[in-house]
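One-letter residues, chain by chain:
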Amino acid sequence: MQNIWKKVGAILGSAVMIGATLVGAALAQDTMDLGDYEDLVIDSDGNVQALYVIGASAATADVVGAMGMTAWAGQNAVTTEGAGAGEVTLTPIETTVSGVERHLMFDNVAAKAYEFGGQSPATDLIGPAGWGSGTGVVNYLYSYNEKGPVYFGGTEYKWHEQVTVTLGNINATRDELDTAAGDKYDEVFLTVDANTIEYKYDMDTDMLYTSFQGKKIWFMGKEYTVISASESITKLGASDSEVLLTTTDPTTTISGVDVKLDGIYSTGTGSTYKAKITLTSGGTTETKYVSAASTESIAGIEVYVKDAVVTTTGTNEGEAQMIVGAGILKLEDGSYLKLGDGTETTWQTQTVSGSPTTKLNYITVTETSPYTTVSTTNTVLYAGDSITSPNGLFGLTFNGITDKYGNAPTYVNVDIMPSLKDLNGGNQKTIRVRTPDADGISYYDETGASQKTTKELWVNTSMGDNQWYYRDPTNTSRYTNTTIPAIQLTTANTMSMEYTNVSTVAGTITGYFNIKEPTFTRTDGASVARNMTLEYNASASSIGKFEDVNDAPTASASYYVYYANYANASVVTAANFIADEYTSATTATRDFYTNWGCYVDSVGSTLVSLQCPQEQSMGEFVIGTQEVGTGTAQTVQAGETVTIGGTKLNVTGAIGSVTPAGLPTTVSKLDTEVTSADKSAYTLVLVGGPLINTLVSELQVAGSLEKTIGAPGGAEDVATAGQGVVELVADAFVDGKYAIVVAGSDRAGTKAAANILAHFDDYADTLDDKTAYVVG
Amino acid sequence: MEEKPEQSKKEKQREKLVNIALLAILIIFVATALYLTFRNPSTLQYEENIYYYKGSAIPFRANISDCLNMSVSPDESSLRNILLNQNVDTVLLLVNPNGSAHEGTAAYDIFKITASDYFGIPTAIAYTQYWPEQPNTPNTTIEHATYTTPIIWLRSNQDKTLIELDGPKIIVYAEEDYDLDTQACKISITLLETIQ
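Heads up: the protein sequence lines correspond to chains A and B, in order.
Taking this note's numbering, the leading residue of the first sequence gets 1, the next gets one more, and so forth.
Taking this note's numbering, the leading residue of the second sequence gets 1, the next gets one more, and so forth.
Worth double-checking, as some hints may not be accurate.
DSS-like, lysine-lysine: derived pairs with alpha carbons at most 27 Å apart [said to hold, decoys possible]:
hint, chain 1, residue 1, chain 2, residue 2
1, A, Lys112, A, Lys516
2, A, Lys112, A, Lys222
3, A, Lys669, B, Lys16
4, B, Lys169, A, Lys338
5, A, Lys306, A, Lys404
6, A, Lys306, A, Lys260
Just so you know, the hints here were simulated from the structure itself, not pulled from any lab data.
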């Protein structure tokens, strides 16, 4: 027995020792400083384990000031649940078009769209199969093929829907509508004339108006019951707006209108009944009796009773099927389409009868509003704008500038500037051309046989025409003459450059620098390549200037950068100027788009910067619908090539099994929302001083803060305007859990402290071994 | 000296059992102590406000079910089309700098998704008025929204709760502070649901 107790004692003693060791280990693990901020806010699994606490009495701006801090934590979280080690999954975000997509050269109508290859069709058509061709076949417009013919008296009446767009009425134009010359050509928008988009409900077999009543039809892609039909007005009740009321369950509310069925009554003629209906709308209550298959206006709201029946013989108990207000569509010939809530649209209805005129041939609904001005009404379509059908089913959307394939343009930046350069013969007055982002200039080296590329070339303006120089890549202090320089947008698309001198006489060196855009085919079939000219005066300063000096070709023009070849006198006009030396009449310099799509980013006497697209820019629009979604995801490893959206991508770099989370796992709470469980689970990052954040106040009152915080001028440690502190508090609210105080003497101080943690990577060494860091 | 009496077979067996029991107790104690010392405390304190997506548990300030019940006028696809359009240069979150902390925390629930590595949409805060303490924060109005710079305007203390789209203007109306949280969450989840 004694042996047993000895053993128990030994066991307990061991347990105590082990426990002490573990406690020690735990303590050692938790002894941290501000340099361990990343470990404090992100756990070993890469999850964010910090809770950012804002004072409930803080202002919005205070929260904004701390956002960078929370964003840092989110960006540094990692996940091991991504693709397998060494793999990434690429998911393209794509826009899916249901309808037709067209690409227009600038200043051209849609009839000349790139897709038509020189042809000029008058219209585009979208509709169901059989009435839309190619991509014009859509699944939200119907015909008798999809929804069945309309039957009456044993006869089939075929029908279809379609949307027709008049292409000559749509133009992707470089802005010509602003009144000031300086505002023109600075943007690209779509003008759409009135009566361009027409929806049509077409009876392939004409049908008597009277036969339509009560029939279900599909109109603008939606199912309706024909309430009534005539040459002058047709009323449709939306099937999805039908409601059934019974005398046992008599009330409902539709779009804010209270509807009550007060009984079913005989009309006195056979088995036809009428419903007693009470409507309350906008404070007005009215009761009326409405016979089955008829409409009435009650309290200003139209009600169609499709059917009314008595369910208990000899009583007024029964049920009524009806459509109220917003579900009723009125198509009044010659009038603007009205929605069910009474809103009048700009789409005009036309009903066309057949032969005889008691038959319906078709109904059209046409957008009558033009989109042709830059004023506040009837505004042109800017990128992203749409003209939408009254029920939102389809529309015409301008997507902005793309290349002819529908891709966002890739731009090559081109800088052109006067320069003083030693080209192996002392400093020379030159014009320097560079493509700063890549070796985008092609040239032939001194052998003339080998085409190379470089980032920059110089043209010596004192030696006559086209004396171009490149820096020898094998001997960078040597410059050699070259020929045929060009901005290489792509292999096929180049912009040639030339310098033509006017005078090489020392002291009066002047000339023209011309840059020619790639050749493209105009809509009339002609091939053109447009030019931009910079006038140059070497004598204007120590390095030369772009300025009006030659007064040619138009003597009165003061332009020194213009969108024309200097040799073509007739086209140097106010429309083409890009920089004008004298500001008396117009803006001196302006944003400018060229026909190719180059954008003049900045222009001045010492620098002209262009952004030139690799492919000719076009205005893209869609007729139909488009929705952003995802394409097919592909998983690749480093070194593999994948094709996404027609573009081949080579995935390079190191891909590990631990990847940035990509999606943030940070959350914030107000101090009033923090619970005991939060204090036990999280590292609390407390933002704001004791007057703003009650938890910081709690720590300060408890004497837990190394640096006390007070208003400017006070006796506390942090009490100067703009001064802030980041402090790590161990065992702040719960043993074993830290809090980080991010506060200041005032708002600026708190923001300064937050900025430290928002840029922790830059401050990690500074914060190492510290538990409090004062800033400011 | 008196000799120790020999232990009987029974006593030896009993002692053996006691040894085994005591050893087991010690092992259990050590294992428990190790677990209690080194375990990671649960970080999932809010099951209801966690949106699980692509291996990430994304916490929001509002209950996810409340977020999903929020509506977008005219519809969610229009919201996606505006914010995920390839023409977008920057999305601005427009707030009143002198508003409540709630407006700021709601703005963050949107910012953290749009600006995440997943979407990479350049997102910035703008104020409805000049704020001298943050002079570098731009101030603007909703009328300056364009399709290349759409604006999300967070408005609290309104008479309705709705996310309303008017071209590139996205106006978030909230009657109560919590409504602002649910609206912000709704916008973020609507974007996340774009990607399957």
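Going through the hints against the structure:
Restraint check for A/Lys112 and A/Lys516: satisfied, since their Cα atoms lie roughly 24 Å apart, inside the 27 Å limit. Taken as a hint, the A/Lys112 and A/Lys222 pair is broken in the structure, with Cα atoms around 33 Å apart against an allowance of 27 Å. A C-alpha spacing of about 58 Å is found between A/Lys669 and B/Lys16, which places the hinted pair above 27 Å, so the restraint is violated. Our distance criterion of 27 Å between C-alpha atoms is met by B/Lys169 and A/Lys338, whose separation comes to about 26 Å.
For the given pair, A/Lys306 sits about 52 Å from A/Lys404 by alpha-carbon distance, which is inconsistent with the 27 Å threshold. With a CA separation close to 16 Å, the supplied pair A/Lys306 and A/Lys260 stays within the 27 Å bound.
In summary, the numbered hints that this structure violates are 2, 3 and 5.
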